[in-house]
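Undergrad: Work out the full structure: start from the sequences and follow the hints.
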Amino acid sequence: MGAGAGDRVRLGPGGRRVTTMLEAEVIDLAVTPLRDLNQRLHDVALSGEGPTRWRIVNPRGAHAVACGLDAELEVEIDGHVGYYCAGMNKLATVRVRGNASTGIAENMMSGLVVVEGSVSQSAGATAHGGLLVVHGDAAARCGISMKGVDIVVRGSVGHLSAFMAQTGNLVVCGDAGDALGDSIYEARLYVRGGVAGLGADCIEKEMRAEHVEQVRGLLERARIDDVDAAEFRRYGSARRLYNFTIDNAGAY
Amino acid sequence: MCGIVGLFAKSPEIEEHLGAHLVAMLAQMSDRGPDSAGVAVYRDPVADGLTKLTLYSPHRDEDWRTVASAIGGEIDSVRASHAVIVVPTEAGEAESRVRAARSDLRVMSAGRVIELYKDVGLPEIFAATFELANLKGSHALGHTRMATESRVTTEGSHPFSTGLDLCLVHNGSLSNHNTLRRMLRREGIEFQTENDTEVAAGYLEWRLREGASLEQALEGCLEDLDGFYTFAVGTANGFAVLRDPIACKPAVLAETDDWVAMASEYHAIAVLPGADEARMWEPEPGIVYVWDRAAVA
Chain Y
1 MGAGAGDRVR
11 LGPGGRRVTT
21 MLEAEVIDLA
31 VTPLRDLNQR
41 LHDVALSGEG
51 PTRWRIVNPR
61 GAHAVACGLD
71 AELEVEIDGH
81 VGYYCAGMNK
91 LATVRVRGNA
101 STGIAENMMS
111 GLVVVEGSVS
121 QSAGATAHGG
131 LLVVHGDAAA
141 RCGISMKGVD
151 IVVRGSVGHL
161 SAFMAQTGNL
171 VVCGDAGDAL
181 GDSIYEARLY
191 VRGGVAGLGA
201 DCIEKEMRAE
211 HVEQVRGLLE
221 RARIDDVDAA
231 EFRRYGSARR
241 LYNFTIDNAG
251 AY
Chain G
253 MCGIVGLFAK
263 SPEIEEHLGA
273 HLVAMLAQMS
283 DRGPDSAGVA
293 VYRDPVADGL
303 TKLTLYSPHR
313 DEDWRTVASA
323 IGGEIDSVRA
333 SHAVIVVPTE
343 AGEAESRVRA
353 ARSDLRVMSA
363 GRVIELYKDV
373 GLPEIFAATF
383 ELANLKGSHA
393 LGHTRMATES
403 RVTTEGSHPF
413 STGLDLCLVH
423 NGSLSNHNTL
433 RRMLRREGIE
443 FQTENDTEVA
453 AGYLEWRLRE
463 GASLEQALEG
473 CLEDLDGFYT
483 FAVGTANGFA
493 VLRDPIACKP
503 AVLAETDDWV
513 AMASEYHAIA
523 VLPGADEARM
533 WEPEPGIVYV
543 WDRAAVA
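First to last, the sequence lines map onto chains Y and G.
Residue 1 is where the first sequence starts when you use our numbering, and the numbers rise one by one after that.
Residue 253 is where the second sequence starts when you use our numbering, and the numbers rise one by one after that.
Mixed in with the good hints, there may be bad ones.
Pulled from the structure, derived: some chain Y residues nowhere near chain G, Cβ distances all over 10 Å [said to hold, decoys possible]:
| hint | residue |
| --- | --- |
| 1 | Q39 |
| 2 | H42 |
| 3 | E74 |
| 4 | N107 |
| 5 | D175 |
| 6 | A200 |
| 7 | E204 |
| 8 | A209 |
| 9 | R223 |
Sample of chain G residues at the chain Y side, in silico, Cβ under 7 Å [to be verified]:
| hint | residue |
| --- | --- |
| 10 | A499 |
| 11 | Y518 |
| 12 | H519 |
| 13 | A522 |
| 14 | E534 |
Now the in silico label distances, taken between C-beta atoms and shown as ranges [to be verified]:
| hint | chain 1 | residue 1 | chain 2 | residue 2 | range |
| --- | --- | --- | --- | --- | --- |
| 15 | G | M398 | Y | V26 | 32 to 42 Å |
| 16 | Y | G194 | G | I377 | 41 to 51 Å |
| 17 | Y | G129 | G | P310 | 52 to 62 Å |
| 18 | Y | N38 | G | G344 | 51 to 61 Å |
| 19 | Y | N38 | G | D300 | 50 to 60 Å |
| 20 | G | P264 | Y | E116 | 27 to 37 Å |
Hints listed in this document are in silico derivations from the structure and should not be mistaken for laboratory results.
Predicted model only: the values in this text are computed from it and were never measured.
Even glycine gets a Cβ: it sits at the ideal position worked out from N, Cα and C.
TA: Printed below as a string of structure tokens:
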């Protein structure tokens with residue numbers, strides 16, 4: 001949580017933010033229409049004013065909950081959400097205390113999205129930045145066409161994960177399904193368990209000290225402290241399928 | 253798109269209100285399929301040697317009494333354009349009596365347990381017109397259709413019944429249905445529409461006829477069907493779920509002590525009692541899931 005202009009964030013002794021003292025704004029989706037909720041969340045970004053902590057109850061699988069956020073908000077969702085939750089997220093922290101359906105945090109730009117349950121397909125699809133943490137499993141196509149996001153999955157991921165993944169890191173503490181990293185560009189894939197099969201142009205690569213360090217850092221950011229970074233194997237592009245030139249390495 | 257729901261009662265309370273729960277689930281899937289809707293409900297098995305037919309008439313104010321006496325059966329119930337008639341004979345004979353008496357009527361389902369209702373229009377309106385909420389039963393499947401492959405008609409709505417007490421609902425589209433239909437017609441399977449899902453239903457009927465178990469017949473789909481699908485299949489004793497190996501089409505399963513439910517999206521399950529506490533998972537691609545009453549009881 002940050003303190004943007006106009007945020008109702010008070011400063012405690014020594015300048016420490018004491019945001020925990022703020023009451024969360026509670027929105028009950030059993031009574032409040034979804035568009036009203038999302039509009040109110042967007043209004044905070046537009047006006048720079050309004051609550052920074054939100055708690056959403058009774059989502060009951062609704063689609064597009066907390067989409068398009070563009071402020072340092074903390075949003076907690078109590079229950080299961082539908083498609084595209086926290087899609088296009090910027091700056092905000094969104095925590096889902098349940099499962100999420102297709103496309104959680106799709107096209108996220110920055111911020112943090114945490115799902116305490118499992119997620120359906122295309123988690124973190126096309127996301128450019130930020131961190132997505134899934135404590136359960138992720139289904140097919142996790143991180144499809146990822147463009148810079150970091151994704152940490154506590155469980156396993158389904159088939160075709162990291163398909164055409166361009167850049168960013170996918171850390172899978174469990175197993176990966178078939179065709180992992182098919183047609184991959186320069187994203188890094190770390191899997192601790194088994195891999196059912198590698199996709200076209202995806203190969204296993206050496207796990208050097210810098211990579212262990214990177215996984216350790218990502219696990220730490222994901223607050224997963226009982227998984228050993230040294231147990232992961234690294235996968236990435238063989239660079240035979242796409243037109244790789246060393247001059248462009250910096251672009252990823 | 254299209255939406256699928258399935259509900260399997262594990263407690264008498266759910267059986268008592270099966271129709272109401274089914275309607276609530278179906279309404280949640282309206283946005284996935286506003287063109288037409290249909291349900292198969294498994295209830296009140298008739299005795300051995302009897303056949304329960306669900307008939308559809310294209311005529312308003314059909315004279316079902318005359319139909320029933322023409323085929324030597326008794327009316328169980330009439331709902332909108334459909335009637336359930338019990339005939340004291342085996343299914344093949346019952347169906348040929350219908351064909352002989354009234355070739356304009358369509359047999360929507362035949363068996364000892366199944367009843368099948370479907371029509372064009374919004375799911376909520378369909379459910380109200382057919383008074384589905386007062387149905388009791390052991391399990392049911394429902395479908396809301398957004399048509400892609402063929403016309404929006406009552407006949408082209410799902411479920412498609414295939415063989416006795418068997419029905420299929422489908423989210424997706426099949427690419428090789430014309431080739432398969434030609435092959436199945438040569439095998440003697442009859443088709444009433446140009447619909448792709450009816451071909452999948454006919455495929456299952458063929459495989460079962462050739463001695464496959466339901467599980468084997470569904471596994472055969474993985475080899476022989478080209479296209480996208482999440483299937484839910486209703487049987488006299490339960491239901492089965494299969495997603496194609498690519499698994500573009502969604503499905504979620506949930507289970508409590510009182511029920512098992514499947515749906516295209518979770519919000520269709522969220523309307524069930526105790527959904528918040530249900531065990532919930534996404535069916536794996538290419539894996540056949542079967543619930544059987546005998547196994548649950």
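Undergrad: Now look at each hint and say whether the structure bears it out.
TA: Each hint tested on the structure:
The claim that Q39 (chain Y) lies off the interface holds: its Cβ sits roughly 20 Å from the closest Cβ of chain G, which is beyond the 10 Å cut-off. Even its closest Cβ contact with chain G, about 23 Å, leaves H42 (chain Y) beyond 10 Å, as expected for a residue assigned away from the interface. At the 10 Å boundary, the C-beta of E74 (chain Y) stays outside the reach of chain G, the nearest C-beta of that chain being 23 Å off. Residue-level check passed: N107 (chain Y) sits 19 Å from the nearest beta carbon of chain G, beyond 10 Å.
Non-interface status of D175 (chain Y) relative to chain G is upheld: no Cβ of that chain comes within 10 Å, the nearest being about 12 Å off. Annotated as non-interface, A200 (chain Y) keeps its C-beta farther than 10 Å from every C-beta of chain G; the closest such distance is 16 Å. At roughly 24 Å, the least C-beta separation between E204 (chain Y) and chain G is larger than 10 Å, which holds for a residue marked as non-interface. The claim that A209 (chain Y) lies off the interface holds: its Cβ sits roughly 36 Å from the closest Cβ of chain G, which is beyond the 10 Å cut-off.
Against the 10 Å criterion, R223 (chain Y) stays outside the reach of chain G, whose nearest CB is about 24 Å from its own CB. Because the beta carbon of A499 (chain G) sits about 5 Å from the nearest beta carbon in chain Y, less than 7 Å, this interface hint is met. Because the beta carbon of Y518 (chain G) sits about 4 Å from the nearest beta carbon in chain Y, less than 7 Å, this interface hint is met. Hint status for H519 (chain G) relative to chain Y: holds, with the closest Cβ pair at about 3 Å, below 7 Å.
Evaluation of the A522 (chain G) hint against chain Y yields a held restraint, the C-beta minimum of about 4 Å falling below 7 Å. Taking 7 Å as the C-beta cut-off, the interface hint given for E534 (chain G) holds, the closest approach to chain Y being about 5 Å. At roughly 36 Å, the beta carbons of M398 (chain G) and V26 (chain Y) sit within the given window of 32 to 42 Å. About 50 Å separates the C-beta atoms of G194 (chain Y) and I377 (chain G), a value consistent with the hinted range of 41 to 51 Å.
Evaluation of the 52 to 62 Å hint for G129 (chain Y) and P310 (chain G) yields a pass: the beta carbon distance comes to about 58 Å. A hinted range of 51 to 61 Å for the beta carbons of N38 (chain Y) and G344 (chain G) is consistent with their spacing of about 57 Å. Between N38 (chain Y) and D300 (chain G) the beta carbons are some 58 Å apart, a value that agrees with the proposed interval 50 to 60 Å. Evaluation of the 27 to 37 Å hint for P264 (chain G) and E116 (chain Y) yields a pass: the beta carbon distance comes to about 34 Å.
Going down the numbered hints, you'll see the structure goes against none, and every one checks out.
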